[in-house]
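Starting from the known structure of chain A, arrange chain B with the ligands on it as the hints suggest.
Chain by chain, the residues:
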Amino acid sequence: MISSSFDYARATSLDDAIKRLGAAGGAAKLVAGGHSLVPLMKLRLSEPQALIDIARIKALSNISELDGHIEIGATAVHHAVATSKLLRRQCPGVADAAGEIGDPQVRNRGTLGGSLAHADPAADYPAVMLAVDAEIHLKGPKGWRMVRADGFFQGLFTVDLAPDEIIAGVRFAPAPVSAYAKLRQRASHYAIVGVAAALQVNDGTIQSARVGLTGAGAHAVRLSSVERALAGQPLTDAVIASAAGHAGAEVTHLNADIHASEDYRRAMIPVFTRRALEGAMRRA
Amino acid sequence: MPQISITVNGKVRKARVEPRLLLVHFLREQLLLTGTHVGCDTSQCGACTVLIDGRSAKSCTIFAVQASGSKVTTIEGLATDGALHPLQEGFWEEHGLQCGYCTPGMILSAVNLLKDTPRPTERQIREGIAGNFCRCTGYQHIVNAIQHAAKKGLPKRAKRARRTPKAAASAATGGR
Ligand SMILES: Cc1cc2nc3c(=O)[nH]c(=O)nc-3n(C[C@H](O)[C@H](O)[C@H](O)COP(=O)(O)OP(=O)(O)OC[C@H]3O[C@@H](n4cnc5c(N)ncnc54)[C@H](O)[C@@H]3O)c2cc1C
Ligand code: FES
Ligand code: FES
Chain A
1 MISSSFDYAR
11 ATSLDDAIKR
21 LGAAGGAAKL
31 VAGGHSLVPL
41 MKLRLSEPQA
51 LIDIARIKAL
61 SNISELDGHI
71 EIGATAVHHA
81 VATSKLLRRQ
91 CPGVADAAGE
101 IGDPQVRNRG
111 TLGGSLAHAD
121 PAADYPAVML
131 AVDAEIHLKG
141 PKGWRMVRAD
151 GFFQGLFTVD
161 LAPDEIIAGV
171 RFAPAPVSAY
181 AKLRQRASHY
191 AIVGVAAALQ
201 VNDGTIQSAR
211 VGLTGAGAHA
221 VRLSSVERAL
231 AGQPLTDAVI
241 ASAAGHAGAE
251 VTHLNADIHA
261 SEDYRRAMIP
271 VFTRRALEGA
281 MRRA
Chain B
1001 MPQISITVNG
1011 KVRKARVEPR
1021 LLLVHFLREQ
1031 LLLTGTHVGC
1041 DTSQCGACTV
1051 LIDGRSAKSC
1061 TIFAVQASGS
1071 KVTTIEGLAT
1081 DGALHPLQEG
1091 FWEEHGLQCG
1101 YCTPGMILSA
1111 VNLLKDTPRP
1121 TERQIREGIA
1131 GNFCRCTGYQ
1141 HIVNAIQHAA
1151 KKGLPKRAKR
1161 ARRTPKAAAS
1171 AATGGR
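Same order as they appear, the protein sequences are chains A and B.
Taking my numbering, the leading residue of the first sequence gets 1, the next gets one more, and so forth.
Taking my numbering, the leading residue of the second sequence gets 1001, the next gets one more, and so forth.
Isolated chain A, as found in the complex (with noise of 0.2 angstroms):
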């Protein structure tokens, strides 16, 4: 399958990528990784008439921790996160999460940007994202803002980002009591259901508690009834089994597909919050 034809430039900075992106006034599009954008492409879904590529901004792929808070780039790829030491110990959370996107190939390309921007409901780093409470940096011709996770996603395929806004990356503070469990589509990998929780825990009680849920519906949302539940308890099975047991009990209109059922998808919600809780719990 051959894209409609394109124009193709190579972006050097951030901000040489937002002047190419305003200068094209609305006709370019940025491509990272290229994974959720080439294939669209080739199904000529998506038809931009000229490509900024910005996925050798080396300055945008860095993974690191800065005033005791961690910051990953936009275009770090998903092999990167999954593997980067410095998250396995402070957000292990994040970490699961990216090594279970898709497989060894579309996590050697696809970035955390691009998956954040593109916004699928079934992507896996959305769930993770509003768990660890994460800021979204973004940067346009006006300058920089900054989104938290919380009321980034607002649709399908819908976030709070400006078509001349670029992600330069996401900040958050560590959260090593932190896991993501899914239940993923078995051709793709995409999830199903997929749950991130991170848990903040003093002296056996869980002082608060954050649940990201993603796949059931249009976009990520918190489990907020759940993150209740567990504030102020103990951190043992028996409260993490209550606490899970109606997850997703406020969650309207759930997506339903080839794949799951809305029923099908209603009742993995615990199962998988549960385990994710659980997976939490064996770090604390």
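Hints are computed from structural coordinates only; laboratory data are not their basis.
Ideal placement from N, C-alpha and C gives every residue a C-beta, glycine not left out.
Mixed in with the good hints there might be a few duds.
These stretches of chain B come out as covered by chain A in the derived footprint (C-beta under 8 angstroms, 3 or more residues) [claimed, not checked]:
# : stretch
1 : 1018-1026
2 : 1041-1052
3 : 1062-1069
4 : 1124-1131
List time: in silico DSS-like cross-link candidates among lysine-lysine, alpha-carbon distance up to 27 angstroms [unchecked claim]:
#  : chain 1 : residue 1 : chain 2 : residue 2
5  : A       : K29       : A       : K19
6  : A       : K142      : A       : K58
7  : B       : K1115     : B       : K1151
8  : B       : K1011     : B       : K1115
9  : A       : K29       : A       : K142
10 : B       : K1151     : A       : K58
11 : B       : K1011     : A       : K58
12 : A       : K142      : A       : K19
13 : A       : K29       : B       : K1071
14 : A       : K29       : A       : K139
15 : A       : K58       : A       : K29
16 : B       : K1014     : A       : K29
17 : A       : K19       : A       : K139
18 : B       : K1115     : A       : K85
19 : B       : K1152     : A       : K58
20 : B       : K1011     : B       : K1071
21 : B       : K1071     : B       : K1014
22 : A       : K139      : A       : K58
23 : A       : K19       : A       : K58
24 : B       : K1152     : B       : K1071
25 : A       : K29       : B       : K1152
Using the frame of chain A, we list chain B with the ligands on its own:
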């Protein structure tokens, strides 16, 4: 048309190409390296897998222009001086193929796997080839073939420069 320059199996290849030319078509139709196969053409099957800068990638899901400046290894580039690469030998010895359609992609995914995990468990092997479909073998002999190669070890090559830049740590957030 933009000029691209890709080092394919050690040889610098320069060409003027349309940006929409896929890497797999550049390899097969312009360089006549037909060992890289097109199976699904939809990013699923892995028959088109090559190494780009040492990492496995589906060449049907990348435009050739995106790979300009990179080193690409195809199945044709694995043997050295007529001697089979340990993975090629493994597939030969362990009967790791039937029709052979998936084999080049399978072998390049296995190269990627053994670089990261030189002594993989069976489970790690199956995860390592999760992006490659085989319609014939039922995978068991492919797993055996990769185990055969793992026992032998990959040939030692000059270490590549690692791609971990030391640029400003706060580029992701503007240092705010
Ligand atoms: C076979 C296969 C299986 C997959 N399985 C999974 C899976 O299990 N789980 C999962 O989560 N994903 C999966 N994916 C998707 C994969 O993770 C993609 O890499 C990811 O969704 C997009 O990242 P990218 O870098 O490839 O983005 P691209 O395809 O390059 O871009 C996607 C979109 O984001 C925009 N964009 C890219 N970077 C930025 C940026 N920094 N700022 C603003 N906009 C930007 C582009 O303009 C484009 O519109 C799969 C993909 C394939 C092909
Ligand atoms: S032909 Fe590229 S993945 Fe199938
Ligand atoms: S040997 Fe025929 S597809 Fe694998």
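Proposed proximity, A:K58 with A:K142 (alpha carbon, max 27 angstroms): Given pair A:K142, A:K58 holds - Cα atoms ~23 angstroms apart, limit 27 angstroms.
Below or equal to 27 angstroms on CA atoms is what counts here, so check B:K1011 against B:K1071. 9 angstroms, holds
Pair hint B:K1014 and A:K29, alpha-carbon separation not exceeding 27 angstroms: Holds. B:K1014 to A:K29 sits at ~26 angstroms (cutoff 27 angstroms).
Within the stretch 1124-1131 of chain B, is the number of residues with a Cβ closer than 8 angstroms to a Cβ of chain A three or more? Our answer is that it holds, as 4 residues pass the Cβ test (under 8 angstroms) against chain A, meeting three.
Does B:K1014 sit within 27 angstroms of B:K1071, going by the straight-line distance between their CA atoms? Roughly 12 angstroms separates the two Cα atoms, so the pair holds.
Would the hint linking A:K139 and A:K58 be met if the CA-CA limit is 27 angstroms? 17 angstroms, holds
Please verify whether A:K29 and B:K1071 have alpha carbons no more than 27 angstroms apart. 26 angstroms, holds
Taken at face value, is the distance from the CA of A:K29 to the CA of A:K58 at most 27 angstroms? 19 angstroms, holds
Run the distance test for A:K29 versus A:K139: straight-line Cα separation, threshold 27 angstroms. Holds, because 15 angstroms separates the two Cα atoms, which is no more than 27 angstroms.
Given pair status - A:K19, A:K142, alpha carbons within 27 angstroms: 11 angstroms, holds
Straight-line Cα separation of B:K1115 and B:K1151 no greater than 27 angstroms? 13 angstroms, holds
Given the hint that B:K1115 pairs with A:K85, test it: the Cα-Cα distance must not exceed 27 angstroms. 17 angstroms, holds
Hint check: violations occur at hints 10, 19, 25; the rest are consistent with the structure.
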